[in-house]
Amino acid sequence: MRPTRATAAAVFLAGAGLLPAGCAPGPGADSLTLLSASSTRVLDADFRELSSSELNTVYAGSSTLVQQLADGSPGDVLITADRENMDEAARRGLVEDPRSVALNALVMVVPAGNPADITSVTDLAGSTFVLCDPQVPCGAAAEAIMADTGLVVEPASLEHQVADVLGKVVSGEADAGWVYRTDALSAGDGVDVIEIPGSAAHPNEVVAAVTATAVDKQAARGFVNALAAEETGEIWARFGWSPAGQP
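Reading the sequence shown from the start, the letters are residues -21 to -1, 1 to 226 in mature numbering (1 follows the signal peptide of the UniProt record, and there is no 0).
Hints are supplied without guarantee of correctness; some may be wrong.
As the list claims (entries may be wrong) - With a straight-line Cα cutoff of 16 Å, these simulated EDC-like cross-link-like pairs (lysine to aspartate or glutamate) come out:
(1) K147 to E184
(2) K147 to D9
(3) K196 to D112
(4) K196 to D23
(5) K147 to D112
(6) K196 to E67
(7) K147 to D168
As the list claims (entries may be wrong) - Have a look at the derived ranges for each label pair, beta carbon to beta carbon:
(8) A216 to K196: 48 to 56 Å
(9) G105 to K196: 33 to 41 Å
(10) T101 to A49: 36 to 44 Å
(11) A91 to E28: 29 to 37 Å
(12) Q114 to S52: 16 to 24 Å
(13) A179 to P94: 22 to 30 Å
(14) V131 to D9: 47 to 55 Å
(15) K196 to D168: 37 to 45 Å
Keep in mind that the hints were calculated from the coordinates and are not lab data.
Using N, Cα and C, we set each Cβ at its ideal position, and we do this for glycine too.
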């Protein structure tokens, strides 16, 4: 008989020491609502495999998710694409015991075939170049890299989530954009990738936490622990992240 997702998740969690042996969830297992940064959308199927409960997922910019929680939106686990937004959630009493689970870094992407002939960040002047808004993690990281390297260039637009930057580049609406390495990988042949000098010095932490309003805190905590487990590092790496604690 083929194992169900719930059974597979229980086996993983038990092996990672997150569930007592033999405590596989039954078919009536409660659901968890996951509020997760848009850059983690590529992990949706893996998130569901890791959860011992049925997952309801909401993907958006990290600052948007924090505000949604503050406004009373339901959620059991929050995943932000940076430490700053999670710290803000903790300051407002919205989450408990945040854990760093992975690291992500920015790269530059251009449309497949590179029609604007951009080969480095020094070619951006005069191009249609898009970035994330500094309010969201991808924009804050871009701002830090530019400050560090002395790069001065005016973006044509500032987007509220990394998926929007990527969409404009893939469609050809933009000549170049800065996105996470994970998003560049997910775009496949739709983009060409160019490294950004100084990017490695400004990675963003992916941080997960149980929310203060989680209905089943034990299940939510088990999911957060699974995200941080050593075994899960292979999943993060497959999509371009580095496990937490690695450069």
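Outcome of the hint check:
For the hint linking K147 to E184, the alpha-carbon distance of about 25 Å lies beyond 16 Å, and the restraint is violated. A C-alpha spacing of about 38 Å is found between K147 and D9, which places the hinted pair above 16 Å, so the restraint is violated. The straight-line distance between the Cα atoms of K196 and D112 is roughly 33 Å, outside the 16 Å bound, and the hint therefore fails. Between K196 and D23 the CA atoms are separated by roughly 21 Å; this puts the pair beyond 16 Å, and the hint is violated.
Restraint check for K147 and D112: satisfied, since their Cα atoms lie roughly 14 Å apart, inside the 16 Å limit. Restraint check for K196 and E67: not satisfied, since their Cα atoms lie roughly 20 Å apart, outside the 16 Å limit. Using a Cα cut-off of 16 Å, the hinted pair K147 and D168 holds, with the two alpha carbons roughly 15 Å apart. For the pair A216 and K196, the supplied restraint of 48 to 56 Å is violated, since their beta-carbon distance comes to about 29 Å.
Between G105 and K196 the beta carbons are some 53 Å apart, a value that contradicts the proposed interval 33 to 41 Å. In this structure the supplied range 36 to 44 Å holds for T101 paired with A49, their Cβ-Cβ distance being about 41 Å. Between A91 and E28, the C-beta spacing of about 31 Å keeps the proposed range 29 to 37 Å intact. Restraint check, Q114 to S52: a C-beta distance of roughly 18 Å satisfies the suggested window 16 to 24 Å.
In this structure, A179 and P94 meet the distance hint of 22 to 30 Å, their C-beta atoms being roughly 28 Å apart. Checked against the given bound of 47 to 55 Å, the beta carbons of V131 and D9, roughly 52 Å apart, stay inside it. Against the hinted window of 37 to 45 Å, the Cβ-Cβ separation of K196 and D168 comes to about 43 Å, which satisfies the hint.
Of the numbered hints listed earlier, those contradicted by the structure are 1, 2, 3, 4, 6, 8, 9.
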